[in-house]
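S.K.: Protein chains in written order, with the numbering used here: chain A, 1 to 322; chain B, 1 to 268; chain C, 1 to 294.
Hints in this document: simulated from the structure, not taken from any laboratory.
Heads up, a few of these hints could be off.
Claimed, not checked - Straight-line distance between alpha carbons at most 27 Å, and here's what the computed DSS-like set of lysine-lysine pairs gives:
| hint | chain 1 | residue 1 | chain 2 | residue 2 |
| --- | --- | --- | --- | --- |
| 1 | A | Lys142 | B | Lys202 |
| 2 | B | Lys202 | C | Lys80 |
| 3 | A | Lys142 | B | Lys268 |
| 4 | B | Lys19 | A | Lys142 |
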Amino acid sequence: MDAIRTEALTKDYRVGFWRPRRYLALDSLTLHVRQGEVFGFLGPNGAGKTTTLKLLMQLIYPSSGRAEILGRPVGDVSVKRRLGYLAENPYFYDYLTAEELLQYFAGLFGYSAVERRRRVSQLLDEVGIGAERRLQLRRFSKGMLQRVGIAQAVINDPDVVFFDEPMSGLDPLGRREIRELILRLRDRGCTVFFSSHVLSDAETLCSRVAILAGGRLAAAGDLSEMLAFQARAWELVVTGLSDTVLEKVTTSGQVVRATPLGAQRYALELPLSAAPDRLVTNLVAHGAQLVSLNPIRETLEDFFVRQTGAAPRDRGLEPVAR
Amino acid sequence: MSVIGHVAVNVFKESVRDKVLYNLVGFATLLIVVSYLLGQLTAGQDVKIIKDLGLAAIATFGLLIAVFIGIGLVWKEVERRSIYSLLSKPMRRDEFILGKYVGLALTLFVNVAIMTAAFYVVLAYMDTQFPDAVRASWPAPATDPGMLRAIALIFFELLLVTAIALFFSTFSSPFLSAALTVGLWVIGHFNRDLRNFEAVVKSRTAAYLARGLYYVLPNFSAFDIKTQVVHALPVPASYVVSTAAYALVYMALLLAAAVAIFSRRDFK
Amino acid sequence: MNARLAALFIVLMGAVVGLQALHETSGGPPASTTANMLYVRSPEAMTRFALSYDALLADLYWIRAVQHYGRTKLSSDPNKQYDLLYPLLDLTTSLDPRFNVAYAFGSIFLAEPPPGGPGRPDLAVALLEKGLRAQPLKWEFAQSIGFVHYWWRQNYDEAAAWFARAAAFPNAPSWMGPLAATTLAQGGRRESSRMLWRQVARDAEGEWFRNEAVRRLWQLDAMDEIDRLRRVLALFQRSVGRPASGWEDLRRAGYLRGTPVDPTGAPYRLQSGIVSLDPASPLNPLPTEPARLR
Numbered sequence: 001m002d003a004i005r006t007e008a009l010t011k012d013y014r015v016g017f018w019r020p021r022r023y024l025a026l027d028s029l030t031l032h033v034r035q036g037e038v039f040g041f042l043g044p045n046g047a048g049k050t051t052t053l054k055l056l057m058q059l060i061y062p063s064s065g066r067a068e069i070l071g072r073p074v075g076d077v078s079v080k081r082r083l084g085y086l087a088e089n090p091y092f093y094d095y096l097t098a099e100e101l102l103q104y105f106a107g108l109f110g111y112s113a114v115e116r117r118r119r120v121s122q123l124l125d126e127v128g129i130g131a132e133r134r135l136q137l138r139r140f141s142k143g144m145l146q147r148v149g150i151a152q153a154v155i156n157d158p159d160v161v162f163f164d165e166p167m168s169g170l171d172p173l174g175r176r177e178i179r180e181l182i183l184r185l186r187d188r189g190c191t192v193f194f195s196s197h198v199l200s201d202a203e204t205l206c207s208r209v210a211i212l213a214g215g216r217l218a219a220a221g222d223l224s225e226m227l228a229f230q231a232r233a234w235e236l237v238v239t240g241l242s243d244t245v246l247e248k249v250t251t252s253g254q255v256v257r258a259t260p261l262g263a264q265r266y267a268l269e270l271p272l273s274a275a276p277d278r279l280v281t282n283l284v285a286h287g288a289q290l291v292s293l294n295p296i297r298e299t300l301e302d303f304f305v306r307q308t309g310a311a312p313r314d315r316g317l318e319p320v321a322r
Numbered sequence: 001m002s003v004i005g006h007v008a009v010n011v012f013k014e015s016v017r018d019k020v021l022y023n024l025v026g027f028a029t030l031l032i033v034v035s036y037l038l039g040q041l042t043a044g045q046d047v048k049i050i051k052d053l054g055l056a057a058i059a060t061f062g063l064l065i066a067v068f069i070g071i072g073l074v075w076k077e078v079e080r081r082s083i084y085s086l087l088s089k090p091m092r093r094d095e096f097i098l099g100k101y102v103g104l105a106l107t108l109f110v111n112v113a114i115m116t117a118a119f120y121v122v123l124a125y126m127d128t129q130f131p132d133a134v135r136a137s138w139p140a141p142a143t144d145p146g147m148l149r150a151i152a153l154i155f156f157e158l159l160l161v162t163a164i165a166l167f168f169s170t171f172s173s174p175f176l177s178a179a180l181t182v183g184l185w186v187i188g189h190f191n192r193d194l195r196n197f198e199a200v201v202k203s204r205t206a207a208y209l210a211r212g213l214y215y216v217l218p219n220f221s222a223f224d225i226k227t228q229v230v231h232a233l234p235v236p237a238s239y240v241v242s243t244a245a246y247a248l249v250y251m252a253l254l255l256a257a258a259v260a261i262f263s264r265r266d267f268k
Numbered sequence: 001m002n003a004r005l006a007a008l009f010i011v012l013m014g015a016v017v018g019l020q021a022l023h024e025t026s027g028g029p030p031a032s033t034t035a036n037m038l039y040v041r042s043p044e045a046m047t048r049f050a051l052s053y054d055a056l057l058a059d060l061y062w063i064r065a066v067q068h069y070g071r072t073k074l075s076s077d078p079n080k081q082y083d084l085l086y087p088l089l090d091l092t093t094s095l096d097p098r099f100n101v102a103y104a105f106g107s108i109f110l111a112e113p114p115p116g117g118p119g120r121p122d123l124a125v126a127l128l129e130k131g132l133r134a135q136p137l138k139w140e141f142a143q144s145i146g147f148v149h150y151w152w153r154q155n156y157d158e159a160a161a162w163f164a165r166a167a168a169f170p171n172a173p174s175w176m177g178p179l180a181a182t183t184l185a186q187g188g189r190r191e192s193s194r195m196l197w198r199q200v201a202r203d204a205e206g207e208w209f210r211n212e213a214v215r216r217l218w219q220l221d222a223m224d225e226i227d228r229l230r231r232v233l234a235l236f237q238r239s240v241g242r243p244a245s246g247w248e249d250l251r252r253a254g255y256l257r258g259t260p261v262d263p264t265g266a267p268y269r270l271q272s273g274i275v276s277l278d279p280a281s282p283l284n285p286l287p288t289e290p291a292r293l294r
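Chain A on its own, in the form it takes in the complex:
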């Protein structure tokens, strides 16, 4: 049994009051997500990611097609008992404290008062909310709210969780913490379905991804098999690189291009075929210091432009920001 299954899931809206036009937010999406995997749902803003998640949460109803979670139709209360959901830029009742909010949500799952307290305090520790848990949420920063949002999404030890842009609004430290949390959930056997418009989020976490563009499924499969995202080169940033050494590595063909960034500081582009470790050892031996080493690859946006020829189209309208 798949954790999530959609068959030709379609959603269109009628927009405009006087001359209603059809706006196809999601166009026959067929997707299968296996149990226990971390699934990345990628696409640029306005691609239909949030629409899909709302359809899976039954916050909106499909125009046609079907969706199932854990083998049951979406919206089924017995399924909701086993899932968690973090909305994009979540908002919670600002008159409640973090603790009260989670208590309230835990109550909806029918936990006893003792069990509620235990879970809430444990979860708040886990997402790194300390003494602030007694403050009303109106005083929380965006990053703190995101942590509360994640805590509420996993309050029931869900079998499947849905995160809509879980990294947005977080600083690098926060992003790392979320990544760790997602991996912990995976290790527990939980299926994680998350949307993002940043490819690197997916790379570090996912086994499989689906890419959405203009309301349509553009690609789906194992990340490693998706050639589009394989690195085409390496980028090496170094300091303390003398001109003579630079000259040598450039002429030998080990470096394709060198971009000066400052005094003796360069960004070097290496061909993918060359193993970068040898060059790094070599440069360091000549007194240069390594700053960073990164693969160079297409961004999602590049991919979409190539895949669809242009920005999202064919939906009757420009997508509206949501």
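Model the placement of chains B and C on the given structure of chain A, informed by the hints.
M.R.: Using the frame of chain A, we list chains B and C on its own:
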């Protein structure tokens, strides 16, 4: 505790945190100031005026709470998108609507109960300010428990107003909901005139239309027995019961409609 | 909408209508005395409490007065009382002494006998005299007092005296003097009554005043017409030798062109030789005429 209970308690918590109960201070101040002023201006009708004013104030403060919280109950959750997280929890949309309703009903009940208590305290004090001869001339004692019948019907009226506000708020903006709710409330108080409309107009169509509206629109004038209880006129228990039953049935109708609309809504 | 939901709505709506019908058959809420309650009856006290809102309060009391009058007039209570009409008008005119329409309203409706009014010409005169104290140059008030004496009390000497007083006002119209003279000479004649009501109709500030005056004028027309029909009936009996059994007899004999109707269009009734208004005619009841006129 059921899902409805949890949602209801949260509504109550919100109204307390949003300082809705401050209106009780306003109510108590109004009663005390007016009873003091009446003592100064003595018109011989002091206790009657306090009774009239107190009952009217309970109804008015309750109405303000019912309308202004009622219209925001659902709308605020949708507008601020807090409903996204809530509806992903194991709850059905009808449980959400009913929980919201029960929560506001609970808030109103606490409010009306506290106002009633304050009202009787002021009346008990007024009672000590008059000689026995004057007291004997009143149609009813100052702290006549019979007034609770009027307060009970006020509470049922508020339950109906809340249901109307909630119904409108499932599909329209707060401003429009407030206007529609208050509009229905006003029309509902002219219900008796709708009944007699055919005596005033010549057109048969208009008369039939008025008669139809008389049966279909909420009859708020039926809930108003304030004058009767103040004058200690007989109000049969059957009247109170049938009017309360009317409120409950109408309420069920509105809530069913609210659920029907809300269950089909897309939250864009 | 699925069928079960539709059925639920129908059942609940039916219950709502049923309970409302039950409510109606059981006579609605128990009778209350709302209409007959006035907290403050003292104009002095009210003027003091009114602060800067006296004009607005006057408007409110005026509305209450009109509503009280209208509601009482429409009620089916056999013992209806217009007991708040005077206090309300008194409060209105105390809060705003230039509320002229309130005086005019009082002068016509306070004096009207039950069931159309409280039948208190004394209060009508009191209200107008109060108006005259507030606005001593208003000849209309003096004329209205004369009118009350004329129409409701049939006291033509007193009426003529008030008309003469009104004529002496600096800005009184020129017909006021002749009116006083006519009243003194032939008080109670329909012609002078007609003159008075025409005056009311001409000066009327509100539709219902005008309608009232028009109704009175029609009553006078109907009385003339009834007199004429009586003469025709007498003529018929003299020439034919038997009383007419119906209007048809008179028409065939050429005395009438058709069934005679009053100014509202209701046919006159002819029953055992006596002419009267149709009982459904809005002109009922015709004013009583003093004996000395006949």
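S.K.: Work down the list of hints and note, for each, if the structure agrees.
M.R.: Against the structure, the hints come out as follows:
no.: 1; hint: A:Lys142 to B:Lys202; verdict: violated, 65 Å
no.: 2; hint: B:Lys202 to C:Lys80; verdict: holds, 25 Å
no.: 3; hint: A:Lys142 to B:Lys268; verdict: holds, 22 Å
no.: 4; hint: B:Lys19 to A:Lys142; verdict: holds, 26 Å
Violated hint: 1 only; the structure is consistent with all others.
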